[in-house]
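Student: Listed below are the residues making up each chain.
6 protein chains.
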Amino acid sequence: MKELDVVTFGETMVLFTSELMLPLEYNDRFYKQIGGAESNVAIGLRRLGHSVGWFSKLGNDPFGRYIHKFIRGEGVDTSRCIYTDEAPTGIFFKEKYSATNLKVYYYRKNSAASLLSPDDLDEDYIASAKILHLTGITPALSPTCRETVFKAIEIAKKNEVKIVFDPNIRLKLWDKEKAKSVLLEIAKEADIILPGLDEGEMLSGRKIPEEIADFFGKEKTVIIKIGEKGAYYQSKNESGYVEGFPVSQIVDPVGAGDGFAAGVISGILRNESIYSAVKRGNAVGAMAVGMSGDVEGLPRSEELEEFIKGVISLQDVKR
Amino acid sequence: MKELDVVTFGETMVLFTSELMLPLEYNDRFYKQIGGAESNVAIGLRRLGHSVGWFSKLGNDPFGRYIHKFIRGEGVDTSRCIYTDEAPTGIFFKEKYSATNLKVYYYRKNSAASLLSPDDLDEDYIASAKILHLTGITPALSPTCRETVFKAIEIAKKNEVKIVFDPNIRLKLWDKEKAKSVLLEIAKEADIILPGLDEGEMLSGRKIPEEIADFFGKEKTVIIKIGEKGAYYQSKNESGYVEGFPVSQIVDPVGAGDGFAAGVISGILRNESIYSAVKRGNAVGAMAVGMSGDVEGLPRSEELEEFIKGVISLQDVKR
Amino acid sequence: MKELDVVTFGETMVLFTSELMLPLEYNDRFYKQIGGAESNVAIGLRRLGHSVGWFSKLGNDPFGRYIHKFIRGEGVDTSRCIYTDEAPTGIFFKEKYSATNLKVYYYRKNSAASLLSPDDLDEDYIASAKILHLTGITPALSPTCRETVFKAIEIAKKNEVKIVFDPNIRLKLWDKEKAKSVLLEIAKEADIILPGLDEGEMLSGRKIPEEIADFFGKEKTVIIKIGEKGAYYQSKNESGYVEGFPVSQIVDPVGAGDGFAAGVISGILRNESIYSAVKRGNAVGAMAVGMSGDVEGLPRSEELEEFIKGVISLQDVKR
Amino acid sequence: MKELDVVTFGETMVLFTSELMLPLEYNDRFYKQIGGAESNVAIGLRRLGHSVGWFSKLGNDPFGRYIHKFIRGEGVDTSRCIYTDEAPTGIFFKEKYSATNLKVYYYRKNSAASLLSPDDLDEDYIASAKILHLTGITPALSPTCRETVFKAIEIAKKNEVKIVFDPNIRLKLWDKEKAKSVLLEIAKEADIILPGLDEGEMLSGRKIPEEIADFFGKEKTVIIKIGEKGAYYQSKNESGYVEGFPVSQIVDPVGAGDGFAAGVISGILRNESIYSAVKRGNAVGAMAVGMSGDVEGLPRSEELEEFIKGVISLQDVKR
Amino acid sequence: MKELDVVTFGETMVLFTSELMLPLEYNDRFYKQIGGAESNVAIGLRRLGHSVGWFSKLGNDPFGRYIHKFIRGEGVDTSRCIYTDEAPTGIFFKEKYSATNLKVYYYRKNSAASLLSPDDLDEDYIASAKILHLTGITPALSPTCRETVFKAIEIAKKNEVKIVFDPNIRLKLWDKEKAKSVLLEIAKEADIILPGLDEGEMLSGRKIPEEIADFFGKEKTVIIKIGEKGAYYQSKNESGYVEGFPVSQIVDPVGAGDGFAAGVISGILRNESIYSAVKRGNAVGAMAVGMSGDVEGLPRSEELEEFIKGVISLQDVKR
Amino acid sequence: MKELDVVTFGETMVLFTSELMLPLEYNDRFYKQIGGAESNVAIGLRRLGHSVGWFSKLGNDPFGRYIHKFIRGEGVDTSRCIYTDEAPTGIFFKEKYSATNLKVYYYRKNSAASLLSPDDLDEDYIASAKILHLTGITPALSPTCRETVFKAIEIAKKNEVKIVFDPNIRLKLWDKEKAKSVLLEIAKEADIILPGLDEGEMLSGRKIPEEIADFFGKEKTVIIKIGEKGAYYQSKNESGYVEGFPVSQIVDPVGAGDGFAAGVISGILRNESIYSAVKRGNAVGAMAVGMSGDVEGLPRSEELEEFIKGVISLQDVKR
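Protein chains in written order, with the working numbering: chain A, 1 to 319; chain B, 1 to 319; chain C, 1 to 319; chain D, 1 to 319; chain E, 1 to 319; chain F, 1 to 319.
Keep in mind that the hints were calculated from the coordinates and are not lab data.
Don't take each hint at face value.
Which copy is meant is left open, because identical chains are indistinguishable; a pair holds if it fits in one copy or across any two.
To be verified - Derived pair list, reagent style BS3-like, types lysine-lysine, alpha-carbon separation capped at 25 Å:
hint : residue 1 : residue 2
1    : Lys309    : Lys69
2    : Lys188    : Lys176
3    : Lys172    : Lys109
4    : Lys69     : Lys32
Required output: the full structure, derived from the provided sequences and hints.
Tutor: This is the structure:
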């Protein structure tokens, strides 16, 4: 029997957030958070009750330890994390112009995580999971990272681990053509693909959700995020649109996609229908944007149920 | 002649407010405020020019001293406050998800204030007031607190002190049936009752403001708060609806009811018509929600007059 | 050839901004910014690539040094700043009730800047500029400040330096009649006048932009700000309305007028048509209100171009 | 019978303290405290159980209200405070280079308090006190303040109110010759004089404590502070040295003199011997310097007793 | 084979630390840490490379989650933690007068942890450890906590788990006679006892380390902490004094004893001589006081080795 | 005639300083400062009244702009600064264990400054200076930086610009042998060399100041810093020891060497004797360590004079 529900890996960085809404050069107050698509998904899944493993290569420095402690503290298995003295932990800064007008500045080039290489993979660990979650960020980090992703895919295939792939295209990290070719290669191996509409368009050259889904192939499950409108899904047997949950106030737009992925994967692990899993994804995404930070707003199981049932809204004062 | 306009008593706690809009477990910055329905009303009345006494049992600790100094600093008479070494001052924490999505966490069980007992009452002091203000929170704190409330009512009755009662139902503190029976008992003795619509419904079992008011009896003045829509009032001679003031931005919804009570009582002390007193209540309530904190936004006399006249709005930039 | 594009002078103060949205008496966290109409314009122009000189009389104290370093740091020439031991640097406090409900409290009476006198002017310096920028604040500060303004006008006239005048009426600083008579005297000497609609009305006694512009005389360029609606301009050869840019969220309404002035002057220095210069002014003003602080939101050249072209909006998340 | 133990008056300002130990121009974090020699003494006496009145002229602004609330909150009678719209409340800034290397910057010139005038005095109020406490700061603030001091002396003399005078020479506020002549005039009227050794030297032209005391006259009580060494006292019947309490760590040297005055006056009100009163003064002074802020470290009665008995030290960890 | 090196349990609370060195009533800035003797020891041991389990009963609230995440984040096994809705997580406040003059204020009465009861123990879990670590705080929290301790002892005895007992006498929590009788009962069952000199004196009625050790019995290992002087130890075969490490600056005296316990237990787990284990304890204790917070200064393995060898000191600047 | 007194160049980074004395992984509050040996010296010299130019390659990002504005704000000529989109501005973090126990963590590898190359040098600019100041940090940053240093030396030689060289050995940046060989090559070209005693020892293989100085050659001026003891100097005509100034409290040990360099160079520019210049260096260094931050404590001219004369100490309270 599989010991873990999901394994994922990739770069998580320390995020220094401006306390004041001022350009970074004028702001003089920062606090620490963490940011990383894969650990966001891992934490999101853990909060919903699943067993999850996440790993990365961390700098042997206070920021590496902070990330490790943070994610382990959330209950995610971090036993395969590796520390290196070769490079520092990646960090980034968030500049806030207004609640929804943000810029980020990365210090991640040649970071510890970019040194991840196929040798860092523990085959048994990946084999022990039901699902391997991958994003399109990791292959963009370095050639060895790219090889690591393909090695992980190979392990998954060999061990009947389902692959969920979220393209997460970051054109700051690599050029468009390179990105497209690598991501398509990964998509080919994936069982479930979770592109945003614009990502689907970039990868497939098509504009309509149905056509994009077709592009990836009918034997796959393709779920296309269409912003606040919800999502379109298409699998072997089902297809359709799932309306999004209304969001009364976007406190922090970052992390919605990762929340969506966590919700969808959770639904799948619970053997829900794709429709229901996508609805779950929509709900987690909607809850994530109601809170500052990538993971702080990810709901716990009971909160998610109440939100889906409409018992709680995001505007309640509880006294 | 009466020396004080109003006497009130009850628990005031130190409030630790999150500086960042993050779940409490992630927020690492707190600042101090105070919170307590009765002291909110006392401070609100004092700002409007009335003489007010407030008292409580405070822990003999820095938080008890902080509360005492804060309220005394506002000009409220605190000479009947009692310090105890038996229990600490109650405190609570405010978690901010967004500007209007808040949760509070209490550390008030067995607090100093819950030790208030009938022996702590100074009969002459209560007798010296025109109005005794009571809330439904105090009897929920402990059996001795409940006895203290009824002892205070007895004293008021004996000394021709009018009783204003604000139910302030807190189901976190006691169960519904117990609450209902005790609050109805207090309401029976009160001259003026200030329920919210839902409170009125819970206590009377009726849904229409007019019927709720009738339930409490025609010889009383009953003023029912209907949220942003304003209020319904009914007294021996008058009855009607009073529209609320438009609130452009709710900065902090907590404290509106206490501001309303302060406004109404102030109108009564000024011998205004009930209509006019309720309008005053609406105005103070509207101003209170435009500012963070329970008491920080309570207006001074001249500010209230200007607001009622429409001279100042809550959106002015004064330069 | 002119060495500087623009010279301006006037009082810049240190601004202590409340971190919390609480009345000043309850807020316990302050941070430093600077505020001064003329230095706002100077910094705005410098960011747009022009060479600018600004000067004032500063207190020989840490706040004077802070202002000096801040403005010099922005690349504005501050070589004519003068330090005095006679008076402290002016300061002020900003109280925030909500994002757009602000009050300011000045400590500027008898400040160092109010000691500016005609002898402090360096004729060659003013003569070296294409444009002299003046506001109606300086003559309100003290009699010697008033004389300094008129002396500067005299120098400008003698040396073919164009005068741009922004009335900036501050009735906290002088009475209306005095203000009107002095400002009209300055307006008479100005080449370009930039009143707000209410200022134009106060100075001219007329209500319609066209009539206000006529009042100042057909040989001048008059540009009247009409809030979010944009502006009306009238010069010898051109006249018309220029629509404003939509502002999705006003983060800080202060500084819009100074941004407008910087944009207009920049357009003029670039030999654009008045229409185009006014549009530039509208754009800078719109960008300035999207950021907390007087100068923090003033755009750099490339940002302004992108904003005007609509390439960037104020609601983008850049990741 | 006298209703109040002590009445005092003078300027109290809002103090903005740097959070970081950096020159003020680099520090970007400030918090609010209050500072004023007379209110320090008033609060010190109140904590020791005496009834005290303090008053001043305050600006009708948030800072005036803050001061009023702070001091009233401490239990000092502030009923004679006057608000004015004519001038703002005085403020000052504290620059911290290290724990004991401080500089202050005043914004007090022409402040509200400097407008205090003889007409602001309530003769009955002063007459109702056993002791009138005066400092040499008030007469330095303005001519009307000076007249107010002498008017108060006149009232005290007429009503058998003892005068305690602390020279508190501030040469930033007036020149030495003027200071000397005015302060000597006040000293002549005082019953108890509390100079520092250097102040005594400046006023008397003598260097030895005994000689300085003689200079002021044998019929007076003169107590000369000699820093950490303690104090010398001389009254009609007693004289001698009182050793100071050891101070393990000076956290904030400001406020020691005011604490000393509070302790001495407290001893006198308790009818202790001069020796004992001076010892009390030494103890309060020693405790005051162990805490940041002028009044925050002033002890409550029971703390002072324990400190004098040596039961508690300033280095205890209480868990 | 034993799966865990050490198991421990007890109350950990959230600590709110004053940012400013001011009495708590004047301080307005707080940050979060955690505090709990048993989790301090657990974290200390984990940093030194041992496998450790810690558990408690936590409130089902943000503070319970914070504690859980913090300790799990450190790599301690927290799988036996229990959440309750019956009571809130205990918290406390730290007041800083100066670096070493501290006071704490508890909100722990009837806390979640005080509800721990024998039924909460997992026998297999305790049985799986080499060492059970107990402190004298837990039995002081409530009768059920006391029973839990004795039940744990019973389990340990049955399963050949060594018991290490640190008396940690807290007279704020229970009275001296009760404390003495219960703690002696526990001591009787313990294999290793770690009293401070004053604790040893209170429990044994003797004053000399050698005699105190004898009192507990020759078949036990008794290690008596003698402050900065180091420690005395006595076991079946060895006895002697071990000098302390010099501490150049005590940043935070709290947590030294827990660090000592962690060091000693670590030495024992490494099969070092008692002398060497005590030296290890001295070193960890010395390092712990050089850092603010209970656990923040606990060294990692390599840091401890370097400190013991004298390679690093606490005064280095590493650049 | 030379237009500038000194030109220097090298990497300046943004420094994020922990507000709390906690390991970086636990600290959640950061503020911005700047750090860079060459800009420290430039600012130090500017404060002492000299004209100085500093340049670097900066990232085209908010941190690059912050550095640029900070240094330009101090009055240093920054006209030769170059912005690049190729790499981000270097940053670092300061971890504070106690006032003097610090660690730094760099994010400077492949930073913008490391891209400095010989082509970035403006020959006329360097030629216009009396002195070129170089440190041993720049050649350690990258091969192109190393070439830039030697190109600058060549330009200086050609244009009769004196070279002052401060080895500033950073073994975190390159290995010892490489460092030694490059630094000796630079030293050979320098007119004035300012090693610390340990640096001198590493470069020369000798231990005695006199012998180290001899090693570099009698025709050079060699000044060897011996910590708090002062310095040894040797030039063609003079040699001797100069005692250091007593430092009552080291607030921040970093920046002392740069302050020393600024003082020495200032003395030389003023044509003082070497003895006197070294004394000036000692004084600036002593003042620098009395303040947190690299440049914040660097004295202005008049402050330095007073400190040297002993008029002001670092322990004064100025009120």
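Student: Hint by hint, note whether the structure agrees.
Tutor: Evaluated hints:
1. Lys309 to Lys69: Neither way: Lys309 and Lys69 sit 34 Å apart in one copy and 28 Å across, limit 25 Å.
2. Lys188 to Lys176: Close inside one copy (18 Å), not across copies (51 Å); limit 25 Å.
3. Lys172 to Lys109: both (11 Å within a copy, 19 Å between copies)
4. Lys69 to Lys32: Classified as both: same-chain Cα gap 13 Å, cross-chain 16 Å, threshold 25 Å.
Checked against the numbered hints given earlier, this structure breaks only hint 1.
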